[in-house]
Amino acid sequence: MAGHAKPISKEELWGGGQSPFSITYGKMMMWYFLVSDALTFGGLLTAYGVIRHGSTEPWPVGEQVFEALPGLHGSYPLMYVALMTFILIISSVTMVLAVEAGHRNDKKGVVKWLGYTIIGGFFFLGSQAWEWSHFIHGSGGGFQIEKPLTVTAKNDAGETFEMNLNAGSWVHMDTDFGHAYEHALEGHDAHAGAGHDDHGHAEHADHAHVDASTMVPEKLILNKYTLEHRDGKDLRKLTVEGEDVKKIWASKADNTVVFGANLSKNEYAVQQQYANFFFFVTGFHGFHVFSGVVLNIVVWLMALRGVFERRGHYEMIEKIGLYWHFVDLVWVFVFTFFYLV
Amino acid sequence: MERDDLHVNDSYALNATHSEEEGKKIRKKLYNVTILLTLLTVVEVFMGVFFKRNGTFTWEVIKLGFIVLTLVKAAYIVLVFMHLGDERRNLKYVILLPYALFIMYLIFIGLTEGLATHDAYNTLR
Chain G
1 MAGHAKPISK EELWGGGQSP FSITYGKMMM WYFLVSDALT FGGLLTAYGV IRHGSTEPWP
61 VGEQVFEALP GLHGSYPLMY VALMTFILII SSVTMVLAVE AGHRNDKKGV VKWLGYTIIG
121 GFFFLGSQAW EWSHFIHGSG GGFQIEKPLT VTAKNDAGET FEMNLNAGSW VHMDTDFGHA
181 YEHALEGHDA HAGAGHDDHG HAEHADHAHV DASTMVPEKL ILNKYTLEHR DGKDLRKLTV
241 EGEDVKKIWA SKADNTVVFG ANLSKNEYAV QQQYANFFFF VTGFHGFHVF SGVVLNIVVW
301 LMALRGVFER RGHYEMIEKI GLYWHFVDLV WVFVFTFFYL V
Chain D
1001 MERDDLHVND SYALNATHSE EEGKKIRKKL YNVTILLTLL TVVEVFMGVF FKRNGTFTWE
1061 VIKLGFIVLT LVKAAYIVLV FMHLGDERRN LKYVILLPYA LFIMYLIFIG LTEGLATHDA
1121 YNTLR
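Protein chains in written order, with my numbering: chain G, 1 to 341; chain D, 1001 to 1125.
Isolated chain D, as found in the complex (with noise of 0.2 Å):
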């Protein structure tokens, strides 16, 4: 087996270190970052509990407010817990642009299928 990360002289592994006064300040972002999203989870659960789901208008949009959310959530933990922001530009797009595309393909389809079956199933009852 052979294997680059075991390479002590020139790898990249070893470009990723850093000093103690550099830790500290990583260390506080990290700190911050749980901080925002402990209480972006607090907000969601808030939300949920205390609006009634009747398909009003209001209800729409906090649904939408969830999913927004969610998706804050998950850039922090992709760009700053999995540290995808201080990689490279290229890297960065080969990861998330074929993903965001199909996804998003994914889901109009989806969707767009799901509401199709509902109304045939009530236009035939």
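Excised from the complex, chain G in its bound form (with noise of 0.2 Å):
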């Protein structure tokens, strides 16, 4: 390790006898890597970008798709994001902070300030946890439609409003039904729904009993996450009661039923593209934060042996500390144009 590493003048290493940025080959290496990341991470955004404005089909909407909380009942729109960006940007300024006490040859404020920093590492890493589990089960579930029809919708303010429904419009569940729809259906068939490995064995005897095909939903919403039309009508939450929902439940494409998300079919909407981005941009900058805890948790550990007190400074912990920041960097962007736009 550091041990094994000697020492080499600034006349050596640089032909012009002094580093033309004044900073070490090490700082200039870990930007120039950051540069060709955040390449990368630019490419990826962009490439959602293409896909999103060349698609024909509704793009789900973040603050629809995402307002769960953990352990609550309800719409909270957009919350358990906004607390992930917190979290980050928090574990952040505990980087900058050891940053700034490693300038001052300080060691004890080094080793507190990062370890905080560790620590957010963490809880961003199981929030994300929970958010993916979240996208992958879902909320109530949907299905397609077989064959045209027309009904009466009702919005959040009371209106009605004639729909005509055409052969594949995507229809959702209310959330309590589509779970009970779900584990009725794993009764019958395990390869039903796109979330069902998650369920344990033990749920699935449970619901065994129930018999899905005498199951007929109260109300069925339609257009829920579907605003991104370029018509720009806002038709947030349509719903459907009475009998209309019988009418669209007899008319169900079967095999069309999804709950949640995986890498071929999902509630959210009829293409695939936008689970898939979910999946690939945030999975890839959720990596990029594991491996940032690791390098953190390493560096900490020399810290707190002296191995930069022994060496005279605190440089190793700048240069772990722009790749933290950048990670944060990254977020900021995928939170504005996954979640926000």
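Derived from the structure by calculation, the hints contain no laboratory data. It is possible that part of the hints are untrue.
To be verified - Not close to chain D: a few residues of chain G, all C-beta gaps over 10 Å, as computed:
| no. | residue |
| --- | --- |
| 1 | Ala253 |
| 2 | Gly286 |
| 3 | Phe326 |
Stated by the list, open to error - Below are the DSS-like pairs computed for lysine-lysine, each with C-alpha atoms no more than 30 Å apart in a straight line:
| no. | chain 1 | residue 1 | chain 2 | residue 2 |
| --- | --- | --- | --- | --- |
| 4 | D | Lys1029 | D | Lys1092 |
| 5 | G | Lys252 | G | Lys219 |
| 6 | G | Lys108 | D | Lys1063 |
| 7 | D | Lys1025 | G | Lys112 |
| 8 | G | Lys107 | D | Lys1028 |
| 9 | D | Lys1029 | G | Lys112 |
| 10 | D | Lys1028 | G | Lys108 |
| 11 | G | Lys252 | G | Lys265 |
| 12 | D | Lys1063 | G | Lys107 |
Glycine included, every Cβ here is placed at the ideal spot set by N, Cα and C.
Make one complex out of these two single chains by using the hints.
What follows is the structure, encoded as structure tokens:
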């Protein structure tokens, strides 16, 4: 490790006798790496933009897909991601405080602030695990209908609309019914639904006696996730009740029933690219956070053992800090383009 | 392995040290930036929750607002947290200019292509 490295003079290292940027080789290379990594993320987010602009199917809206909080019923749009963003910003601040402590050769301060940064990183990773789990399980689930029909739908304000549903139109079930129906389906056929793998076998046995074919929802939701229409109509949560529910239910195409999301189907949209980009981009960012936490732990142990104290300076904290801030920087953009815009 | 950050006597890492008084000033600046970043995030979330995505001019302005706020946040993270603002000017330009040029070109060409695809699909239907 550090003990085997031998110092080298500036005259030997830099042809001109000193670094042209007044920073060490290590810091410069960290910056170059970050620029290349930023191009990777820039490319991914641009690709997301290309597909989203090219899509003729409605694109899901972040505030509707991500509106749940752990352990709570009801709608809290964007609150959970806002919390994740806040956690990452705070861990960035503790990191920059560790760098500042390093500039004062304050070993105690470095160990303390870097320790908080590691804890923040674990909190973020845990939050992302919950977010993914929720995204994969979904809320109520949905299905496509087989033949065109006309129904009466109601919006939040109580106004009613005559709606023509085309074959292939997407209909959502309300959360409670969706869950009950999902379990009933699993009792018959373990392969129905996208998110079935994560339920225990004991649960399957409990619901095996419920017959899915006799279940009818109380209400159905139209256009729950379909606001990003280019004709610009606000169709938020039109609900269907009564006889119309039975009409729609009778014309559902059975093999299109989807709960949650996986890599081949999802309940949030008719197209699959949205879910795939969500998995890839947030997953790639989460992998960066994970690597960052591992590197932070290594450097924290080095600081604790006094390696940097003996070396006489804490530049390693600066280098690891650059990487950690970069992870925060990427999240700022992911947050905007996946959840807000 | 030869590393210039291990050279204690005249390395650049040592130039970056500061005293306790300077540290106080730096920390104050950091706390201010923290508050600013948090406030900007709160504003973004409220904008996202309260404005309807209905394709009107207002919503287009809000979308542009998200991107502007994001760039402001990014600038504070890069210039203050990553200390790029305190580095020499040539380093700043080497890091920022090629990236900015390339990514603006990529976004322009990508979104143009995406919109063309959208129109083509609509024409075929």
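- Has the given pair, G/Lys252 with G/Lys219, been kept, meaning a C-alpha gap of at most 30 Å? Given pair G/Lys252, G/Lys219 holds - Cα atoms ~14 Å apart, limit 30 Å.
- Task: Find the nearest Cβ of chain D to the Cβ of G/Gly286 and say whether that gap is larger than 10 Å.
- Result: 19 Å, holds
- Message: For a C-alpha distance cap of 30 Å, please report whether D/Lys1025 and G/Lys112 respect it.
- Response: 20 Å, holds
- Would you say G/Ala253 is clear of chain D, with no C-beta pair closer than or equal to 10 Å? 21 Å, holds
- Task: For the pair we were handed, G/Lys252 and G/Lys265, check the Cα-Cα distance against 30 Å.
- Result: 17 Å, holds
- Task: Check the non-interface label on G/Phe326: least C-beta distance to chain D beyond 10 Å or not.
- Result: Its Cβ does come within 10 Å of chain D, the nearest being 7 Å, so this is violated.
- Query: Is the straight-line distance between the alpha-carbon of D/Lys1029 and that of G/Lys112 30 Å or less?
  - Reply: Within the cut-off at roughly 20 Å; holds.
- Task: For the pair we were handed, D/Lys1029 and D/Lys1092, check the Cα-Cα distance against 30 Å.
- Result: Distance of about 21 Å is within 30 Å: holds.
- Holds or violated: are the alpha carbons of D/Lys1028 and G/Lys108 at most 30 Å from each other? 20 Å, holds
- Please work out if D/Lys1063 and G/Lys107 have their alpha carbons no farther apart than 30 Å. 45 Å, violated
- Message: Next pair to validate is G/Lys107 with D/Lys1028; report whether the Cα-Cα distance is within 30 Å.
- Response: With Cα atoms ~20 Å apart, G/Lys107 and D/Lys1028 stay inside 30 Å; holds.
- G/Lys108 paired with D/Lys1063 [C-alpha distance capped at 30 Å]: 44 Å, violated
In summary, the numbered hints that this structure violates are 3, 6, 12.
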